[in-house]
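Student: Spelled out from the first residue to the last, the chains are:
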Amino acid sequence: MIEVKNICKTLPNGKQLLKDISFSVKQGEFVGILGSSGAGKTLTLRCLNGLLKPDSGEVLVSNSNGEMQNISTLNKKNLRIARSKIGVIFQGYNLVKRLSVLENIMIGKLGQINPWRSIFYGFTDAEAAAAMEVLERFKMAHLANNPTGSLSGGEMQRVAIARAMFQEPQVLLADEPISNLDPGNAQMIMELIAPLAATVPVIGVFHQPEMTAKYCTRVIALKEGRIIYDGKPELNNAQLNEIYGEELQKVITKIAEPELNALNTTNANEAI
Amino acid sequence: MKQFSIKRYYPIIVGLIVFAALSWGAAISCQIEWTGLFEGIGKGMFFLKNLFPPDWEAFPEMLQPALDSLILAFLGTFFGTLMAVVFAVLGAANIAHPIVRTISRFLIGLERSLPELFILLFLIAAFGLGSMPGIICLSLGCIGMLGKLLADAIEEIDSVLIQSLTAVGANKLQIIVFGIFPEILPKLLAYSLFRLEINIRLSVILGAVGAGGIGYELDYAFSMLQYHRAFSALLVVLVLIFGIEKLSAYLRNMLNIKANLK
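Those protein sequence lines, which keep their order, are chains A and B. With the working numbering, the residue at position 186 of the first sequence is 186, and numbering never jumps. With the working numbering, the residue at position 251 of the second sequence is 251, and numbering never jumps.
One should not assume that every hint holds.
In silico lysine to any residue, SDA-like type, Cα no more than 25 Å apart, as pairs [unchecked claim]:
(1) B:LYS148 - A:ARG98
(2) A:LYS85 - A:LEU60
(3) A:LYS76 - B:ILE157
(4) A:LYS77 - B:LEU251
(5) A:LYS77 - B:LEU255
(6) A:LYS77 - B:ALA93
(7) A:LYS97 - B:GLU183
(8) A:LYS97 - B:GLU156
(9) A:LYS97 - B:PHE127
(10) A:LYS97 - B:LEU255
(11) B:LYS172 - A:SER152
(12) A:LYS76 - B:PHE181
(13) A:LYS97 - B:ASP152
(14) B:LYS172 - A:ILE113
(15) B:LYS187 - A:GLY149
(16) A:LYS97 - B:ALA190
(17) A:LYS97 - B:PHE181
(18) A:LYS76 - B:LEU255
(19) A:LYS97 - B:SER159
(20) B:LYS172 - A:ASN114
(21) A:LYS97 - B:LYS172
(22) A:LYS85 - B:THR102
(23) B:LYS172 - A:ASP182
(24) B:LYS172 - A:LEU74
(25) A:LYS97 - B:LYS148
(26) A:LYS85 - B:LEU255
(27) A:LYS53 - B:ALA190
(28) A:LYS76 - B:THR102
(29) A:LYS53 - B:VAL100
(30) A:LYS76 - B:LYS187
(31) B:LYS172 - A:ILE119
(32) A:LYS97 - B:ILE176
(33) A:LYS53 - B:ILE162
For the record, the hints were derived by calculation from the structure and aren't laboratory data.
Produce the entire structure from the sequences given, and follow the hints as far as they go.
Tutor: Encoded structure:
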């Protein structure tokens, strides 16, 4: 369970990035956050795990005892403990490429074990076995000892999800998890994330309304730092226009014209 | 077409003319005499002729000092790399506090601006003659170069990687050990091997000043006018430097191959 109450964020120069954002997400929900670039999607997500402190408002996340705690007022040590129970998947480059896949999974537990033991002794056999179990669950056990840098983009993102789940998180956040992937891999990652929502609330930032419509249970749309839509994942054209504005229309015509021209030429060639 | 016009090269041509004029002026103001150059070459050739042949019997006596120099360079590089890593971590913007970073970068820069010989003379005044000031001097010498190279290497690491480790609740030290070190390890090894080559050469020079080893033998033989013996020492130095350079190049090549395979 995660609850956001009236968070605001203003730049020192007076530009308001987030205005009065409130929502709450329960277990079983897979929330997709949509919006054009600069709408405040990633910013909102960063407030949720304390990477960014909102100027006002509360971010309440349930801890392992089930109590709700305000993440933006925790001290350093308690923030580390809170973060260790929040899984985050980034757009890319969030794995240590020169360590093995198994080691990268175990890194997920760094916040939950004694720091000195982890530095001077490393991980225990029990932790390695538990990490192996997670890898097996995500069908990647055969890659356990490969260097992470040798994996493909889709496989890396699967490892990142496995790491986040190895944390046994109270909430799972995903910052544009499929933006770097081809459509096939993107679909596979979405199919991997969606069922996780049954055990843990999932909040993801996406750029693809068709993906959120297919997999999410709820969509929140941001525009200029404000929530303009919160509800069913299926959006009609009028709503999409409102979220993406003129921008989307421009992009569509830009893509469509050359493609149409190309189609016409190939057809003409075939005719000859 | 405009981009092939000679006008593009005007700044370079003007720069070259200015540089030539400055060099000419400098030569005049330093009173460089060209005749001195040719006389010097003549004297040098005479000196070289005196070196031949090497004193073959002196070679066994040279092995121990050569080994001393080698150990000096190895230990200096080892301790120096350790210190450089600490300074590099403290001097990287994506890990260290801005004030700590500024101080560390200042110390790294300060070390780089001090010549090793100056440091050694200072250390000899403090510790007396021997290999100990030599090792400390070479270690300190690593900080300036390796510290800067490694700090830059750390700053090149993607900030998302550091954020993702912060996001699982890792503390600063854990981020350094599990995120930073694995990423910079190949560079660390390559740089310190390169520094080892430099330190071998430096250890010869420092030896002549008072750190012992083959450099001392060389200096002593020259000052006793035993030119044949000095030539033997010179040959040992050449073999030493050449051998280490080959070894280091071979190891660095292996590292590269490994890094590319990943």
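Student: All the hints need checking, so say for each whether the structure fits it.
Tutor: Against the structure, the hints come out as follows:
no., hint, result
1, B:LYS148 - A:ARG98, "22 Å, holds"
2, A:LYS85 - A:LEU60, "13 Å, holds"
3, A:LYS76 - B:ILE157, "24 Å, holds"
4, A:LYS77 - B:LEU251, "43 Å, violated"
5, A:LYS77 - B:LEU255, "39 Å, violated"
6, A:LYS77 - B:ALA93, "22 Å, holds"
7, A:LYS97 - B:GLU183, "7 Å, holds"
8, A:LYS97 - B:GLU156, "14 Å, holds"
9, A:LYS97 - B:PHE127, "45 Å, violated"
10, A:LYS97 - B:LEU255, "16 Å, holds"
11, B:LYS172 - A:SER152, "29 Å, violated"
12, A:LYS76 - B:PHE181, "24 Å, holds"
13, A:LYS97 - B:ASP152, "19 Å, holds"
14, B:LYS172 - A:ILE113, "14 Å, holds"
15, B:LYS187 - A:GLY149, "16 Å, holds"
16, A:LYS97 - B:ALA190, "18 Å, holds"
17, A:LYS97 - B:PHE181, "11 Å, holds"
18, A:LYS76 - B:LEU255, "39 Å, violated"
19, A:LYS97 - B:SER159, "14 Å, holds"
20, B:LYS172 - A:ASN114, "13 Å, holds"
21, A:LYS97 - B:LYS172, "19 Å, holds"
22, A:LYS85 - B:THR102, "35 Å, violated"
23, B:LYS172 - A:ASP182, "34 Å, violated"
24, B:LYS172 - A:LEU74, "18 Å, holds"
25, A:LYS97 - B:LYS148, "23 Å, holds"
26, A:LYS85 - B:LEU255, "38 Å, violated"
27, A:LYS53 - B:ALA190, "40 Å, violated"
28, A:LYS76 - B:THR102, "24 Å, holds"
29, A:LYS53 - B:VAL100, "23 Å, holds"
30, A:LYS76 - B:LYS187, "32 Å, violated"
31, B:LYS172 - A:ILE119, "11 Å, holds"
32, A:LYS97 - B:ILE176, "14 Å, holds"
33, A:LYS53 - B:ILE162, "18 Å, holds"
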